[in-house]
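So the protein lines, in turn, are chains A and B. Those letters in the first sequence? Residues 1 to 183, per the numbering used here, in order. Those letters in the second sequence? Residues 1001 to 1343, per the numbering used here, in order.
Because the hints were derived from the structure by calculation, they are not lab data. Hints should not be assumed to be uniformly reliable.
[Stated by the list, open to error] List time: in silico SDA-like cross-link candidates among lysine to any residue, alpha-carbon distance up to 20 angstroms:
no.	chain 1	residue 1	chain 2	residue 2
1	A	Lys22	B	Leu1053
2	A	Lys29	B	Val1162
3	A	Lys147	A	Arg83
4	A	Lys34	B	Arg1041
5	A	Lys59	A	Val84
6	B	Lys1321	B	Ile1084
7	A	Lys22	B	Arg1304
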Amino acid sequence: MMQVKRPQLSFWEKTYIPQILKGMWLTLKHIPQKKFTRQYPEEKPPLYGEYRGAPTLVKDPQGRVKCVACQLCEFVCPPKAIRVIPGSREPERADANVEKEPDDFIIDMLRCIYCGYCEEVCPEEAIFLKRDFSVSGYKREELQFHKPKLLELGGVHEDSLWKWKYKGAPPPDAPAAPERQPK
Amino acid sequence: MNLEFLLISVLKIAAVIGVTLTIVAYTVLLERWVCAWMQDRLGPNRVGPFGLLQPLADGLKFVFKEDITPLHVNKFYYLIAPMITMVPALLSLAVIPWGSVLPIGERMIPAVIADLNIGILFVFAISSLGVYGIVLAGWSSNSKYPFLGGIRSSAQMISYEVCLGLSVVPVFMQVGALSLGQVVGYQANNMWLIFTQPLAAFIFLVSGFAETNRLPFDLPEAEQELVGGYHTEYSSMKFAMFFLGEYAAMFVVSALTVTLFLGGWSLPFAPFNAPATSLAVGLAHIGVFLAKVFCMLFLFIWVRWTLPRFRFDQLMALGWKVFIPLTILNIFATGVVLVLWGK
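Let the hints inform the model, and build the full structure from the sequences given.
Here you go:
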């Protein structure tokens, strides 16, 4: 058995008054200090590193939809949030790269778990998880993101890998294709 | 009792109640601000500039909330309890001198509604009614947490009323009058009583904390144990009445402390050390009084967000075993000093 010796308190310690004053000084000191509140809708929190936000579809630097409707993302998606409706593309169209593209591409943001498997599996680097984290809407329908919305969110992806060359001659203002680095 | 006196009194009552309720509403905002700042947060800043319209939003919210009366309550007492809490707090404002005088033309209007010659006794008589509101609320709610809160508050408020009453006796021994106006006049001529009666001031203030159910003595409404205590079953404006009553009581204790120990409207230099001779100075006196009250309110809030709650036995021990002997000793010592050295 261990006997714990109680500390002998001095007279002032027994009155608690110095401790109370010390505590009050501490709280007073905090009044002018820097505040940690983040005023959320105006001030967004910093997002670090490989933050995974909402999945989006991107275009290549020539403004062509990169997705070729292979549906790998649809198959890999754990919560089955993605639905791709594949379609064909007229080969004469200026923005055509391959013969397939999605007629519609639907991501159910109410089901998406932001796992990033779709980005990982995409052979065309067409789907990216961007940094939008605040996905909200008033109706369920608003949170079914269709192809135009996904392309708008995604924008243009400035990648170094140009898988699909220009059809015919490149437009005069087209950026030059970078040299492939040999491994 | 002529018509003019009646009219001026009614005007003064309207002014005092209006100003008090505004201050009370803004004390709630101040409380939220100070609490936030002490915790390194920003506090309310969304409604109006700097959040200054927050009390208005809070009030509107209370008005539009559903007013629920549970089926198991005693309806009459349930209804009357919030009023009994609110009214005594406002009543005791009648005898507190807000300033010296307001000279308007030839008339010298005293800046107090009624300068009773038994001022402080009136305050104690009225403020001890406040406990009925809480006890009735706890009892009529007919459920366990409000009941426990009511029991605690009756024990606490009755115990600390003794300390409160005894602690101010030396003040009146020294001044030689019970009228609050004369107490302030004495302090304007001599020094503030906090310097001659520091122990009385300290005990009065701590008992005031206990009387107003403020932390560290907020056992009647201890959120963690009693789910809000006596006002658990209340909602909407009835709850708001308790809320306002509590803050109004805080204002009254602050005003009393300022009047009794901090010199009321006076400051130790001209023109604040003698009754006003012009309207501007009279209003400045009221300003000084309100500034002091504001400091006291800040102290109340400051203490609340610093100290943890007392245990119930500690609370009782502090009241009965420490403060009551100390106040009696203080009365005795003051008597000895007065007899030996005279006035």
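Broken hints, by number: 1, 2, 6
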